[in-house]
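Chemist: Read off the chains here:
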Amino acid sequence: MFKGLAQKVYELTGENVYLCFQCGICSGTCPLVSIMDVPPNQVVRMIQLNMEDVLDSNTLWICASCYNCTVRCPRGIDTARVINALRNIKMRKGLYVVNLRKVPEVGEMPQIALVAASRKLMG
Amino acid sequence: MTSDGVRIGVYICHCGGNISNVVNVEEVRNFAGNLPGVVLAKDHEHMCSETAQKMVLEDIKKYHLNRIVIAACSPKFHEATFKKLIEEAGLNPYFLEMANIREQCSWVHSDNPEGATLKAKDQVAAAVAKARLNQALQVKEIEIGKRVLVIGGGIAGIQAALDLADSGCKVYLVERQPTIGGRMAQLSYTFPTDDCSLCILSPKMAAVYNHPNITLLTYSEVERVEGHVGNFKVTIKVKPRYVDMTKCVACGKCAEKCPTKVPDEFNYGLRMRKAIYVPHEMAVPYKYLIDEAHCLYLTKGVCRLCEKVCPQNAINFEDKPKTINVTVDVIIVATGYDPFDATLLEQYGYGKYANVIIAPQLERLVMPTGPTAGKVIRLSDGKIAKRIAFIQCIGSRDETIGRPNCSRICCMYAIKQAMILKRQDITRDVYIFYIDIRAFGKGFEEYYMRAQEMGIQFIRGKVAEIIEDPITKNLIVRAEDTLTGRMIEMEFDLVVLSVGLVPSKGTEELAKILKITTGPGGFFLEAHPKYRPVDTLREGIFICGCAQGPKDICDTVAQASAAAGRALRLISQRRIIVEPIKAFVKEELCDGCGKCIDKCPLGAITIENSTAKINEALCGGCGSCIPYCPKNAIDLKHYTEEQIIDEIKAILASKKEGEIRVLAFFDDSCTYRAADLAGTSRINYTDKVRIIRIPSSSRLTPKIILSAFKFGADAIFIGDCLPGGSPYHPKVLDAINDLMRKTRAKLRRCRIDARRLRFDTIAVDTAERLAKNLNDLVKMVERLGPLKPEERAKIKI
Amino acid sequence: MYFPGCTLKTTALNYEESALAVARKMGIDLIELDRWNCCGAVLNLAIDSVIHHIGAVRDLVRAQEMGRKLNDNRLVTLCSMCYNVLKRVNELLKIDSEKLKTINEFMDEEENYECGIEVLHFIEVVRDLIGFEKVRELTVKPLNGLKVAPFYGCTLLRPKEIGIDNPENPTTLENLLEAIGAEAIKFPHRIKCCSAYNVVYDKKIAVDRALEIRKAANRWGANVIATTCPLCQYNLTLPSRRPSIPVVYFTELMAYAFGIENVLNPEVRKVISSLLGEDVK
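Protein chains in written order, with the working numbering: chain V, 1 to 123; chain Y, 124 to 920; chain B, 921 to 1201.
Treat the hints loosely; a few may be bogus.
As the list claims (entries may be wrong) - The calculated BS3-like cross-link candidates involving lysine-lysine, where the alpha carbons are at most 30 Å apart (straight line), are:
(1) LYS1021/B / LYS93/V
(2) LYS8/V / LYS945/B
(3) LYS475/Y / LYS1067/B
Claimed, not checked - Here are the in silico distance ranges between beta carbons for each label pair:
(4) LYS356/Y / GLU1018/B: 55 to 63 Å
(5) ASP968/B / GLU105/V: 20 to 28 Å
(6) GLU388/Y / LYS1190/B: 53 to 61 Å
(7) ASN99/V / ASN991/B: 56 to 64 Å
(8) ASN58/V / LEU1049/B: 37 to 45 Å
(9) ASP861/Y / LEU49/V: 23 to 31 Å
(10) LYS376/Y / LEU1049/B: 56 to 64 Å
(11) LEU1049/B / SER34/V: 39 to 47 Å
(12) ASN16/V / GLU914/Y: 41 to 49 Å
(13) MET613/Y / MET1/V: 37 to 45 Å
(14) ASP548/Y / LYS3/V: 49 to 57 Å
Said to hold, decoys possible - A few chain B residues that don't get close to chain V, going by computed Cβ distances all over 10 Å:
(15) VAL981
(16) LYS1061
(17) GLU1088
Source of the hints: derived by calculation from the structure; they are not laboratory data.
Don't be surprised by glycine CBs; every beta carbon is placed ideally from N, CA and C.
Bound conformation, chain V alone:
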């Protein structure tokens, strides 16, 4: 039904990104938006406009899927899922964003951090 990134995202999530009317509430609510280079609403906009360089933003890796955005989206879009889809697109090509060997305190960290990191950040 759609083309390009929007179609890929639809296949991975079942979400129709064209519903987004760019109100910005997802970005306003995101606890980590200040360190993202592309805020969540712009990520969605770039998917709508099939701008593939959105896959190079650091937003995909910083997003912790805390679901604050999804809970507040007035159009009912599951934004966390959409960003996760972009992450999947990159990971399924075999991208590793983090190398656990290089993380200094890996021995002290709670396992859930490591498991989560490996599932979310390693292809």
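Following the hints, position chains Y and B against chain V.
Modeler: For chains Y and B alone, kept in the frame of chain V given last:
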């Protein structure tokens, strides 16, 4: 119903060549002459001409005809004319049948004269078969007088009441609050003129109070409505004020002494009033009343101070609710709106944080006669607010609370309020956080420009949440400015939530009392949003103002006058004709199970003596009840099951083995019109389709459809209106869908390929699509092949 | 039945110990699953993913087996992340029978999962099965003077379908804290995210986030933060600038209030008692 003594006259029209150039009218005439019951068959160049009509009149007398079939153009053109004609001759107009051999025959099969002629014969045969069983039906006349009930005394109700009263109607205006004026009385100024709201409203309120034709019933509610247009029996409950209105002079001494303080609803809780009170300074009627939920005497049996000090002896603790019964001809619903309850969106802190208010509260704060004498202060410390933020779309355009609609006025009222704040103090910082600015009306965009000129900051980004600083009670607002992509985090003294509009409390209950429906969002549903915006699907009941949907005062007044106009249209006709095409119960089959009752969207069915009874005055003739009767005990006048099956038999009688026939049922409002449009557009399509006209597909039953297959149809096409396109109640579509489901199940049991039954929604203007649909269906049947005689034999009806 | 998850047996052992002790005091028997594996910590959100749920499903099957023996279908977890994953996988398989079939067929050496397990977080058990009244009764040392800022974190409250409370304005922890005599501070960050696994990717993100949360808790007048998740605990206590504010698990506070503070890690015990102004025993 017997067909003895039936003497049918059939007339085939040439239509000046439009029919006769394609269809062999002599052949059709000869064929018609041999049909059972036909005494006379003629053809004529122009059946609509004076000479032809005279001929028909004479024939009726001479040959004692008692049924007339005219095969000519679409009944949509001349059915009414011919009905009047035979009425002149002394026949009941429902003894007329028409066969459409122009728009649905000669004009669409011009490439196939043979096929067109055969089809014309079949259509005439069907018309004759139906005419044989047509019963005499009486059109009922209901007298319409000039009595009107207006429910709701806000600006909409007031406007409608005045228009009607000025036109000579007797108006009962029922308002549930103790004063009229509604929400408009609570406003400060109105956009885009910035008129003082009460200044333009009060003269109308006074006019209502003084109008000789208006009976004003305040503090009253409509409890029950029975009957129908021209004869609505209304029960109104008048709540007790405990103050004699004839004695009270509103001196206010009672309120001075009253010890009980209650948050003032008129001021949205920003001020306190007493348990004995007058709603506001411009209340109409300007009389006191006692709030029985808070009065010490009425709840606990102590006090009675007001009674002691009233110089007029107007207090009456013995007051009781009164019931008033009135009969009216027409009802107008103008029940308005409530502001959205912002406590439901907890992230904005309304109700928790002192300095977060809703826009209606700001209206009261800026009023010089308001709770703070016009000073816009913070509720936490009483200081004047200097940095104010407006947050738009609170309770609107939001799926998280199930309110996806826009409330239409919030952009404009926020701009208005922002300008008021700036006019009070130009050094204030005023921000409006929006998603879109909707300034669509006359003068609205200019108003918006003036606001921008004043330096009001517009930030495009919906606010995610508000955080209250625990010490200063200031509010920190977090949003993204989507236009620059930068995060904004700002501190404000005061935050105003631009709340949307929701239907006023009690709307669902009133809808049940009036037997009208509400639509998405809960507002009353109009008959059609474009061309019947103030009608409901119940004749004689109209809606206007915010009761129908969010709108500003300009549009409310326009709709109120529109509703008054529609009411006057009915009233000036003095009587309305009620079409007799209604559902009826075959009492010998009915076992009183009552399954039909809920299915009628107009509440026309009741059970009496273990039998269902249909109130013809309420019945809309949609037939939604029919598919649900387990005993098949409900039928439709003038389109009975027996008639339709006879039509089917007649229309398929000419079919030879190996030929393909598709039987199509067209609903009268949409599909039939679309087919006529195909005719006027000369769109050719397959001639293998035979057409039967019905008011609505819900009138069909599995028995009718199976009969069609049994008697020769190889496929069946059913066309009906799109949702929203039907003149009947929207529930009729549920009935049609349920009917299709049941029928397909039966077809599967008979081992008939369910693809042979096709249902589609057709809009009046989609003639091409209809033609294509029929062509495709025929092609599919050609592939599947006609039904074999053994398969037909297996069908049990 | 009780599912600990990897972290609780190692870096968050004090959470488990305090919770088990508190549960015993309230009369709940938390029986650990005899076999379990890592649940996966996060849910894979792509709608076509099936294999990523296997870990969680195996745990649910373990619970199903043990549940039959114990005649109880409730699986309790302490770790909020485990709760989130197990509950969401459970709900997903309840509605998507295709996926359930595929997973069941894939795990052919296991019995089929029949979606009969109810996943609960420990705090739901306290709220719904025990009730805060009972908690109040069991409190022998009410934590008066303790201003606790509850930190729910994200996985306990969202998505709305599995959240244990209203994600905009939850009251569960606040009511619990009040029941044990402490003052609950409803600071706005209590429903926010600590940045979770970002600490692995870029420690600075977690440090900055933790600082923001601690600052807010401070401004709102709290003197201790209570968490429900080992990762929040870790992130919020990453060494960084002031203010530093003690962060403990809510079960540790409950243990102290119930008078069984001997099960607590001595450091935690010291922190709580000094906040209460008591001498350390």
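Chemist: When you look at the beta carbon of GLU1088/B, is every beta carbon of chain V farther off than 10 Å?
Modeler: violated (8 Å)
Chemist: Return holds or violated for the Cβ distance of ASP861/Y and LEU49/V against the range 23 to 31 Å.
Modeler: Violated - the Cβ-Cβ distance for ASP861/Y and LEU49/V, about 44 Å, lies outside 23 to 31 Å.
Chemist: Hey, LYS8/V versus LYS945/B, does the alpha-carbon distance stay inside 30 Å?
Modeler: violated (53 Å)
Chemist: For ASP548/Y and LYS3/V, compare the CB-CB distance with the range 49 to 57 Å and indicate the outcome.
Modeler: holds (53 Å)
Chemist: Is 37 to 45 Å right for how far apart the beta carbons of MET613/Y and MET1/V are?
Modeler: Check passed, 41 Å falls within 37 to 45 Å.
Chemist: Would the pair LYS475/Y and LYS1067/B pass a check requiring their Cα atoms to be no farther apart than 30 Å?
Modeler: Judged against 30 Å, a Cα distance of about 20 Å means the pair holds.
Chemist: Kindly confirm whether 37 to 45 Å is satisfied by the beta carbon distance between ASN58/V and LEU1049/B.
Modeler: holds (44 Å)
Chemist: Mind verifying the non-interface call on LYS1061/B? Its CB should be farther than 10 Å from each CB in chain V.
Modeler: Holds, since 29 Å exceeds 10 Å.
Chemist: Over 10 Å from every CB of chain V: does VAL981/B meet that, or does the non-interface label fail?
Modeler: Nearest chain V Cβ is 20 Å from VAL981/B, so the label holds.
Chemist: Confirm or reject the claim that ASN16/V and GLU914/Y have a C-beta distance inside 41 to 49 Å.
Modeler: holds (44 Å)
Chemist: Falls inside 56 to 64 Å, the C-beta gap from LYS376/Y to LEU1049/B?
Modeler: holds (60 Å)
Chemist: Regarding GLU388/Y and LYS1190/B, is the given constraint of 53 to 61 Å on their beta-carbon distance met?
Modeler: holds (56 Å)
In summary, the structure is inconsistent with hints 2, 5, 7, 9, 17 from the numbered list given earlier, while agreeing with the others.
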